Amino acid sequence: MFSFTKEQKILEISNTKIGGQPGLYPTVLFGGIFFKGEPDFETAEKYLNNMLNLSKRTGNPAIPDFFIRKEEYIEKITNFIERVLPKSQPFSIDVTDPQVKLRILECLHEKNLLSRTIYNSIHVGITDEEREALTKYTPEMAIIVAFNPKDKSPDGKIEVLENGAHLTDIGLLDISKNLGIKKILIDTAALAPGDNTGAAIAAIPVIKEEYGLPTGCAIHNVVEKSKWLYDFEYARKTVDASSNVNISLFGGDFAIFGPIGSADIVFPTVAWQDILISEYIENYFGISPDESHPRRKLF
Amino acid sequence: MELMYGYFNGEEVSWDKYIQYAVSDMVNAGLDIVSDGQTRDPFVQIFTRKLAGCRIRARTEIVDKVEYNAPITLKDQKYARNLIPDDKGLTGVLTGPYTLSKSCINLYYNDEKDLAFDFAHALKQEAKVLQKHVDMISIDEPFFSNETPDYGKELIETITKDIYCPTRLHACGNVSDIIPELLEMPVDILSHEFKASPQIFDVFKEYTFPQKICLGSVRSDNTRVESVEEIMEHTKKGMEIFGEKIVQLAPDCGQRLLPRNVAFQKLKNLVKVGERING
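Keeping their order, the protein sequence lines are chains D and B. Numbering-wise, our numbering puts 6 at position 6 of the first sequence, and it's gapless, one number per residue. Numbering-wise, our numbering puts 159 at position 159 of the second sequence, and it's gapless, one number per residue.
Simulated from the structure, these hints should not be mistaken for laboratory data. Any given hint could turn out to be false.
[What the hints assert, rightly or not] Ranges of calculated distance between the beta carbons of each label pair, as one might list FRET restraints: (1) D:Asn196 with B:Ile105: 20 to 26 Å; (2) B:His121 with D:Ser3: 52 to 58 Å; (3) B:Lys78 with D:Val239: 34 to 40 Å; (4) D:Glu38 with B:Gly89: 54 to 60 Å; (5) D:Gly286 with B:Tyr18: 40 to 46 Å; (6) B:Asn174 with D:Lys9: 19 to 25 Å.
[Stated by the list, open to error] With a straight-line Cα cutoff of 27 Å, these simulated DSS-like cross-link-like pairs (lysine-lysine) come out: (7) B:Lys65 with D:Lys150; (8) D:Lys150 with D:Lys46; (9) B:Lys161 with D:Lys150; (10) D:Lys6 with D:Lys177; (11) B:Lys153 with D:Lys150; (12) B:Lys50 with D:Lys150; (13) D:Lys150 with B:Lys212.
Small disclaimer: the values here were computed from a predicted structure and weren't measured. Ideal Cβ placement from N, Cα and C applies to all residues, glycine included.
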């Protein structure tokens, strides 16, 4: 439990604050929707309302992370966002298909949703077409995934942010700024077990101290890709949820915790960790938790 | 986007495809000796990324004593070896210790010379490993053409001493002013940019020396493809001065900055000249 010497930026999207010194704001939790198969909107709505309710109870802001796999889902999912999400609720879009990326940005613009959009994500695979689309339809906030295929250590993650590790023409931070994206979150790129996974956690304080930007990761990726943990089915969900406490313990600001169905266990687990951190941080560094902090809900 | 595939799917990112592109172009152009193409990283980071004491930022920063951890280029060399026919040779390329020391931001050593020698000792370890798998080890020292330190020979000797495979020193740019120093270098072959800096012919012919010559014959900084006739004329000039000492024709320097088709055509024309000369 510590405080950074570098000034920590606090970014805001549609009334949700993210970043700052440890202990100030609660960890923001991203829950994924529509990972597999045809989008099931009825089930998704139930999970979504449950997550938003958990967010109210714990104080940890919730961000639904919409996984959009096919172009044909764009209209349906954005309609769902318009219909179901509260008007002040930010959300993120998680897209890998380059063609879908271009179309979804245009659609979010047409529906006037870009001011609530967190673009997940900018990385070394960014294409010229994607840059063009992001310049034209710029989301309010974006996540940069600091994945460096040459070097998975914290240094490698810094390198890709700084100069693109010679895989992109300039660093990912400069790319994002040049696109006009003013609010940037850094995802430290958690990988598969055995692939320097601890580096994603270790990189959090390194990157926050270097840039002062809100930082976190999807440590859930490691659990998801672990075959070994499938031998412990009962423990797997607990391990999955509790992995996220490493993020706040290392000073991180957000966790992309995997399927939204895990929210029931993730929200109280992370809220509890935030409370522990806040107690110490306030005593030692004098940083009082924000009014929204889970610790305020405890008393 | 391909680079992200491993991230999204939890698989290790492979550089094999890029090595394959480079090696196949060199083989298809007809070269007798090829390299792995150094596709993985710029020539400084390939080494500093794997050496202890180095921290990669916009430039490499030296934050602790530089030491050898484990083989750096061996995996790529072995892969390249598997790609080439048995009658082709393989060059292991090391970025020289002086160039590495001058390319980094030194935050640890009080004396730059100590840094250069620690790089040299680390590269020696790499050379010892590589010699079992390659046919020649080439040391790139582009910074020698800016300034060759008085300990330059000692640096190169640190690497080449007791290495049993042939060694080559490549110093690019106009090396006219440092030819006496280069001739002192304990290597088997000297490699220079004779095409871009033809004035170095005139200086070389003033000396006798034991090393063989790798004659830079097509420019690496220019997209114009030299014709076979032009390369032949250049080579004949070289042969008039160096005679049998010329054992290799090569591009002046690395072709990283050239479009792939231009680089390939330059190599093809170079090979045609070699074939004409060798009959």
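Is it true that the CA of Lys161 of chain B sits at most 27 Å from the CA of Lys150 of chain D?
violated, 32 Å
19 to 25 Å was suggested as the range; check whether the CB atoms of Asn174 of chain B and Lys9 of chain D agree with it.
violated, 49 Å
Indicate whether the distance between the beta carbons of His121 of chain B and Ser3 of chain D respects the range 52 to 58 Å.
Given about 41 Å between the Cβ atoms, the range is violated.
Check the hint pairing Lys150 of chain D with Lys212 of chain B against an upper bound of 27 Å on the C-alpha distance.
violated, 37 Å
Satisfaction of the hinted span 34 to 40 Å by the C-beta atoms belonging to Lys78 of chain B and Val239 of chain D:
holds, 38 Å
Holds or violated: 20 to 26 Å for the Cβ distance of Asn196 of chain D and Ile105 of chain B?
With Cβ atoms ~25 Å apart, the hint holds.
Please test the hint of 54 to 60 Å on the beta carbon pair from Glu38 of chain D and Gly89 of chain B.
Cβ of Glu38 of chain D to Cβ of Gly89 of chain B: about 57 Å, so the range 54 to 60 Å holds.
Does the structure keep Lys50 of chain B and Lys150 of chain D at a Cα separation of 27 Å or less?
holds, 10 Å
Quickly compare the C-alpha distance for Lys65 of chain B and Lys150 of chain D to 27 Å and report which way the hint goes.
holds, 22 Å
Does Lys150 of chain D pair with Lys46 of chain D here, judged by a C-alpha cut-off of 27 Å?
violated, 41 Å
Straight-line alpha-carbon gap Lys153 of chain B to Lys150 of chain D, limit 27 Å
Violated. Lys153 of chain B to Lys150 of chain D sits at ~33 Å, over the 27 Å cutoff.
Does Lys6 of chain D pair with Lys177 of chain D here, judged by a C-alpha cut-off of 27 Å?
holds, 20 Å
Hint compliance for this structure: hints 2, 5, 6, 8, 9, 11 and 13 are not met, and every other hint is.
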